Amino acid sequence: MSMNSQGRPTVPVAGNDTTEMQPVFESYSGHRGLFLAEPLIFELGTQDTSGVDVEDIEEFELAIGGLEREGDIGCPGLSEPDTVRHFTRLSRRNYGIDMGVFPLGSCTMKHNPRLNEKMARLPGFGDIHPLQPVSTVQGGLELMNELSHWITTLTGMPAVALSPKAGAHGELCGVMAIRAALEARGDAREVVLCPESAHGTNPATAAFCGYKVKSIPAKENGRVDVDALKAGLDDTVAAVMITNPNTCGLFETDIKEIADAIHEAGAFFYCDGANFNAIMGKARPGDLGVDAMHLNLHKTFSTPHGGGGPGSGPVVFSDALKDFAPMPYVVDTGSGYKIVEDGDASSLGRLTAFHGQMGMYVRALSYMLSHGSDGIRQAAEDAVLNANYVLASLSDVMSASFDGPCMHEALFDDRFLKDTGVTTLDFAKAMIDEGYHPMTMYFPLVVHGAMLVEPTETESKYNMDQFIRSMRGLAKDAKAGATDRFEGAPYHAPWKRLDETQAARQPVLRYRLAQAAE
Amino acid sequence: MRYLPLTGDDRQAMLAKIGVRHIDDLFRDVPKSDLNPDIDLPRHQSEMAVERHLSRMAAKNVPAGSVPFFVGAGAYKHHVPATVDHMIQRGEFLTAYTPYQPEIAQGTLQYLFEFQTLVAQLTGMDVANASMYDGSTATAEAVMMARRVTRKKRAVLAGSVHAHYQAVVETTTQFTDDEIVTLEPVPANPEAELAAALDAIDDATSCVVVQNPGVNGSVLDLTPIAEAAHAKKALLIVVVTEVMSLGLIKSPGEMGADIVVGEGQSIGNGLNFGGPYLGLFATNQKYVRQMPGRLCGKTVDADGNEGFVLTLSTREQHIRREKATSNICTNSGLCSLAFTVHMSLLGEKGLRQLARVNHKRACELRDALSTIDGVQILNTAFFNEVTVTLPVPAADIVDALVSDNVLAGVPMSRLYPGKGFDNHLILAATETVTKEDISILSIKLAEALS
Amino acid sequence: MTKYTEDHEWIDVDGDIATVGITDYAQKALGDVVFVELPETGASFSAGDEVSVVESVKAASEVYAPLTGEITEINEALEGDPSLVNTSPTADGWFFKMKLANVGDLDGLMDEEAYKAHVAGLD
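Chains as they are written, first to last, in my numbering: chain Z, 252 to 769; chain L, 147 to 596; chain A, 7 to 129.
It is possible that some hints are incorrect.
Result set (DSSO-like, lysine-lysine): computed pairs, CA atoms no more than 30 Å apart in a straight line [said to hold, decoys possible]:
| hint | chain 1 | residue 1 | chain 2 | residue 2 |
| --- | --- | --- | --- | --- |
| 1 | A | K105 | Z | K669 |
| 2 | L | K163 | Z | K470 |
| 3 | Z | K727 | Z | K669 |
| 4 | L | K178 | Z | K481 |
Hints are computed from structural coordinates only; laboratory data are not their basis. Since the structure is predicted, the reported quantities are computational estimates derived from the model, not experimental observations.
Go ahead and model the full structure; you've got the sequences and the hints to work with.
As structure tokens, this is what we get:
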């Protein structure tokens with residue numbers, strides 16, 4: 252076994268050796284060294300414990316119409332030290348970008364700069380209320396206006412709606428604007444075309460807006476079949492939703508021809524901008540004929556994913572759609588900013604209670620200002636470079652689904668695992684043992700056993716080389732029949748594979764408190 | 147370019163490995179005429195320069211914590227303990243993805259399970275999901291869920307429901323089969339406002355949506371409208387925009403709600419100029435498979451150890467595509483963590499006490515305002531928010547008080563323009579308001595009115 | 007007499023009452039079934055209408071009315087134990103019974119041999 256300079260093995264022990272890694276005895280505490288067991292707050296806390304000192308008040312006469320809450324609510328408290336410890340212990344069971352390479356395709360898990368966090372917490376941004384008089388939030392509206400300027404300039408589109416709360420919400424906003432525009436010209440259409448490789452949100456959104464969804468096939472090279480698309484385009488088609496770069500990590504080469512065909516049929520071109528990271532500063536959707544596109548600030552512009560949100564999904568619009576944008580929106584009057592919250596008859600309406608995800612706007616603008624026009628282009632180039640480096644370094648041992656070059660993510664399928672008994676899922680779980688978050692698997696649906704690898708631009712060559720070494724090692728093991736490390740992987744994670752069937756057959760969605768008053 | 151680790155040499159070596167000479171060879175699928183456009187934006191800047199630029203902008207705003215502050219109407223200024231902000235900035239939480247790989251995401255999954263339990267307990271319901279975008283989108287989702295459950299499509303939105311929530315429901319359902327009946331607020335008579343909603347329930351009604359405390363701050367017993375809704379096989383949806391109230395006021399579940407939605411911002415989350423916020427969604431066990439959004443459930447791993455996974459995901463868009471219960475794709479993960487940390491700190495004891503302090507401050511505000519000539523208080527039962535009428539347009543008074551460094555509340559005309567509520571003002575008083583703040587407001591308001 | 011559809015449903019006919027479930031091939035393709043959404047007794051469906059949804063951990067599939075008719079009975083045991091679809095797809099794991107509007111419609115469906123050939127063509 253080869254050792255590094257500290258005498259540790261450089262090749263991880265194989266799966267069948269992991270028994271040696273297990274403790275030879277169980278601890279009395281349930282802890283295992285740095286891995287600390289931690290119950291639920293409901294098992295730890297008491298009804299009388301509190302980690303805050305709320306001011307003492309004298310008795311007074313309640314004015315709540317006799318509707319006082321009686322009985323236990325059932326939310327035990329912890330002291331401040333125990334609260335810190337509880338959540339610190341929980342945090343250590345998570346994998347995050349801060350810990351290592353997170354090559355989750357189509358999710359753009361790039362570094363989250365801490366300056367962004369600091370800026371979002373400035374009291375002038377974090378501690379202002381959406382319904383304060385506009386004269387007291389001019390800086391907030393200025394920030395929204397400046398962010399809009401960056402977004403419209405980068406995309407080459409005339410207008411942007413900031414308020415959608417996440418990518419899927421942005422899609423909804425975009426398709427609603429399309430339907431509003433069609434209705435405004437008295438043109439009832441029924442169909443939205445989506446490629447087979449689309450994100451699940453695309454058909455879900457189209458159906459939500461009352462459209463029938465028809466699928467467009469892909470060509471052998473992973474791009475939309477333009478002829479099939481043209482054949483499907485007629486005066487019943489409201490919109491075509493295409494992700495570009497697409498979910499196979501490829502740029503749609505015929506994008507302008509597609510856009511022209513869509514417009515000729517009187518339909519609109521909705522572009523899913525989930526993968527804008529690959530082309531920011533390199534190409535503008537406005538030059539490619541796009542009518543509406545959402546951006547995921549939590550992907551492209553580095554706002555944190557936060558374990559599943561909050562996201563932010565601004566939508567850019569062409570001239571044909573911009574009058575239908577949702578309220579509220581900011582207007583620069585020349586002598587200050589105002590916010591239009593109602594009374595715009597052509598607007599599709601209001602999508603959220605207030606102005607959208609201000610906290611994310613601050614972070615995204617902080618990122619944009621930091622990178623500047625030059626850094627943004629460089630980031631896109633480095634993202635594409637890293638992905639192609641992965642593709643070039645793994646193509647001989649894994650099966651790349653399409654010829655390169657790819658954009659910001661490299662797509663592999665499970666042909667290289669044929670007859671090995673190892674599945675895409677096993678392979679992904681073995682990556683956990685290697686210290687990586689798995690790539691996206693089984694998406695897109697257009698290839699079998701998909702593995703979508705997106706390294707992002709914030710990984711160094713050193714990190715890439717280490718990652719590639721692991722992937723090559725795993726691929727070779729699988730093909731050589733050394734499949735122990737795959738069966739039942741992960742072995743080195745704090746939990747083994749979890750039983751999702753039991754979770755779904757007998758759902759337990761909450762803790763039941765013994766003392767809960769029923 | 148401090149966020150970009152690749153050096154020039156790295157890039158050359160990697161291009162060589164790929165077998166191309168120039169980076170733009172990798173962009174050859176992009177139409178040539180459209181590649182590398184001129185981008186008229188500033189070049190990269192140092193951390194210090196960015197901080198200076200953004201701090202200047204922030205300094206033009208008046209933070210809630212810097213003045214006597216009475217602005218509420220759907221978002222509330224509460225104290226957030228330092229521990230909360232510290233915990234949510236741990237990189238393992240901040241930079242994690244949605245917990246689709248449960249073996250390395252038990253931290254996120256466990257707090258989601260705790261969060262779901264807390265929301266269920268607070269609202270008095272059986273189950274809650276892992277959160278939604280905000281209270282308004284949760285309300286729209288609830289209306290559509292009621293359609294799926296009842297197979298009826300007429301939803302009644304009571305006048306007590308925040309104007310912006312009503313608008314979000316209308317916008318969201320404009321191209322669906324739902325039929326929305328929107329009622330107007332009756333700030334001077336909350337009982338009449340509720341009675342109008344009750345009268346609007348008919349056999350075709352899928353749900354009636356009421357807010358408690360209402361947009362004008364009034365608290366009502368919802369038991370009668372629950373009974374009326376159930377008699378017509380409709381669901382009662384209760385909206386709670388001030389979740390702190392659940393520490394003092396009887397829960398919607400106890401009053402017969404079938405779905406409770408709300409805005410969880412008040413616990414653990416700052417004002418943030420409107421977002422990110424935290425949509426709460428709770429319902430009864432029998433409707434769980436009709437629920438939108440993510441759910442975390444308990445299970446075991448291959449060794450028999452208890453753990454958690456996202457479950458019942460077949461309802462969601464990535465599997466059901468055009469047949470999903472909703473196109474929703476994300477929750478408000480980090481905001482739900484902030485909520486869970488703050489709730490752990492508060493506990494039952496802290497929450498109840500904090501809710502009482504809020505109510506007491508509002509009572510003191512009511513008492514102070516009632517001594518001012520021309521000011522009439524419209525609420526008799528409320529939590530931490532009241533509506534008053536003034537002899538002049540409230541927006542003018544609010545603007546006038548800005549120059550006295552007092553943020554006096556939300557003119558109702560901002561939420562309901564042209565509806566005849568020009569002289570109505572909604573004021574909130576939370577634990578962050580001091581007695582001195584109330585006395586400054588009273589003095590300045592009396593001056594402005596004299 | 008048992009008939010089959012291209013969507014992998016089996017139909018067992020007794021007079022004008024048809025018992026409907028999914029085939030062994032279908033349950034294997036779905037994996038562990040975790041939930042079955044059943045129609046209401048008394049509801050009427052036309053051939054091809056979506057009647058029920060069967061969910062596994064990773065997939066959800068619609069079950070269509072093989073023929074036109076009215077639901078007379080549903081398999082309530084599936085509510086408590088959806089795994090019956092996996093362990094006994096063609097017996098205890100049946101979904102619903104329907105009274106056929108026109109028994110003659112059965113002629114349009116596949117018999118066992120034809121279905122076997124259909125499945126063989128899929129792999």
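Tell me the numbers of any earlier hints that the structure contravenes, in ascending order.
1
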